[in-house]
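J.: Chains as they are written, first to last, in my numbering: chain A, 1 to 243; chain B, 1 to 506.
Hints listed in this document are in silico derivations from the structure and should not be mistaken for laboratory results.
Quick reminder that beta carbons are idealized off the backbone N, C-alpha and C, glycines included.
Some hints could be false.
These stretches of chain B come out as covered by chain A in the derived footprint (C-beta under 8 Å, 3 or more residues) [stated by the list, open to error]:
| # | stretch |
| --- | --- |
| 1 | 88-99 |
| 2 | 113-123 |
| 3 | 191-205 |
| 4 | 259-271 |
| 5 | 467-480 |
Here's the letter readout for the chains.
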Amino acid sequence: MKQGYRTAKYPLAPPVLPDLFKGLPEIDSSRCGLDCRICVEGCALKAIERTDEQTKIDIGKCTFCGSCEKLCPLNAIHFTKQHSMAASKRENLITGHKPFSGAAKLDPRRLSMFKRSIRLRQVSAGGCNACEADVNVLNTLVFDLSRFGIQFVASPRHADGLLITGPVSKNMELALKKTYDATPSPKIVIAVGSCAISGGMFAGHDEVNKGVSEILPVDLFIPGCPPHPYTILDGILKCTGRI
Amino acid sequence: MSKNLPCLRNEQAISLKEIPVLKDIDFVNELITGMSEGLRVITYFGDRINQTEVILYAVMADDRNGLLYAVSSSVNSESFPSLAGRFPQVQLFEREIHEQTGLVPEGHPWLKPVRFQSSSIYDSFPVPPKLIGDADFFRIEGKEIHEVAVGPVHAGIIEPGHFRFQCHGENVYHLEISLGYQHRGIEKAMIGGPYPVTPLQMEAVAGDTSIGHMTAYCQIIETLTKSNITASSGQIRAIALELERCANHTGDLGALAGDVGFLPTMSYCGRIRGDFLNMTAVICGNRFGRGLVIPGGTGFGLNKKQSSELISRMEKGLDDFTSALNLLWDSPSTVNRFDSTGRISKKLAMYLGLVGPAARACGCIKDVRQDHPDGYYRFAQIPVCTYDTGDVFGRAQVRWQEVQASVEFIMQQLESEQNNRLSGKPFDTNKPLKSGALAISLVEGWRGEICHTAITDAKGHFRRYKIVDPSFHNWFGLAQALRGEQISDFPLCNKSFNLSYCGHDL
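Construct all of the structure, not just a fragment, from the sequences and the given hints.
T.: Structure representation (structure tokens):
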């Protein structure tokens, strides 16, 4: 069997995404009725807010289920094909009312160390295995993470940073903190998925925290449920200054 | 077993009044008689009514005849008789009842925590907090013995769990698995539901089994609202479930190859798994099928263009998959690693109540699609794939056969209807659920039998919702499979089962 070269041309070419892919949402608040709150009340995750005649969506809470788009009677919300959704600041994930500002490069010191080679330790802290699976797939040859100098390692001692999935269940809090402490500085922390950013669909449960930020300082937020592998890859490449 | 027990089928609901509430002795006698006659306990849980009373519910399955028997008991004391010593298939259910309701299974040989819950599912009945992982591990003492602890954080990109090995050199005498790290409190959140966030949580019970668990949940809602789904929706759901099976089995076979260092198959399967996931995304935009299955039908239809696209991708996918796996079967040194590793006998598999490919690899002919067919499987059958060695090779063989069977099934469904398949009319989410009822729904997920049971209150809300992921049955099987094995074969055995941590922990 010969499969030939299968690694995608990304980032030199746009990523190949499914036709029905739901990426960054765009909201045209000018279409919204003054007192209309259909999307606000229809969002199971309370990710949409309407203040000062502007409708905003927090993609850190959003699971991209598309209910708001279906419910809106005025076509004000639309999920685009934009896969690039990572952000360096939590507040930049609240979008729709202003242009989206994505992930920024790391500070000069860490950038100089991690730009060409970064080793990450993955910790699943209550994740459902979907984010984990889509991170794992980055190692397969279509995405081929190692060509960017990015690798996942088996021990926090060997790592430059942590990539965390899940809302951080209370039962994993100690293990996560110990892993973070065991990682030598300087280090980075990446939160992947809506659970890791805000607690996602489990926010408010006594058994979990509302995301990694409650426990550790986060350098990169990658939204989605689960984020498409290209969204994750794009986020890591942006923050390490590769694209 | 008494003939008075109410009998139901998969995807049915009965009124709680029809379920006899027996005294604890009579209740356990029904279970003993049932299990002695070859029935399987598919769900067994407690519902605490108040400070003094707990109602126990158990459902037994007669796989041969596709029937389910429900029985319940009202317990007013602090304990109930345990059956785990004689029937290990209920051991974890009894430990869970203890953890969730506080009742003590009297005589349970090993009452360990299940999830180390820090909060009770009943606000009125607090449980003392426990430190996760702090359990009485079965240990061997001796100068030459060493104890290996793995986890919770694991070396790979995988969910957390704790494994404690008692080893003498390379030989594993005993493996104990302690979970609960992924506990998110899903069952507690279901009480009083369904809530707007419930469908999202059902898809994330085990994120790689979104279609499986969501189908089970939707079937509960549909049976409690007496709704029917269209044949098209049923067909799309079946196609999605089989695609999920193909993707995960392909991934597992690749990972098994990787664990013994056979990189060609590992590399090909890593890509092919992605190809199957992208086929699910053709239907709904999400690789894991989020939003594909909804109460009342499906969230997406399947038009002619998508069907042709899927057909051509499936043909290519099967071709690639077959070539990749033949490389592995043609490599004697690789097959040698799988052969006789992590063996479980058919007798042990039945004794422990294992389900899914792990059970079928031991020769147990057990598959919900055949025994208790739900949805479209009532019209279109899929052969049950079994093997007889019960080792890693057997579990790999079952997966290999299942992918081929699933692809053939999907192709038949796609080619059978050339017109556009619609997603069905929108479901009225305000439709009330039948009150005072027990509803049960079984689905053959890719790991095995998924069982959702709902108890509704007088207002038609969930009083209690019990989710049994196939991993709940099978984790103990993995622990048994390691006895007498080399510790270096652990990744291989673990991958051959590939169980869900979050499906167990909820």
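J.: Does each hint hold? Answer for all of them.
T.: Here's how the hints hold up against the structure:
| no. | hint | result |
| --- | --- | --- |
| 1 | 88-99 | violated (count 0) |
| 2 | 113-123 | holds (count 5) |
| 3 | 191-205 | holds (count 8) |
| 4 | 259-271 | holds (count 4) |
| 5 | 467-480 | violated (count 0) |
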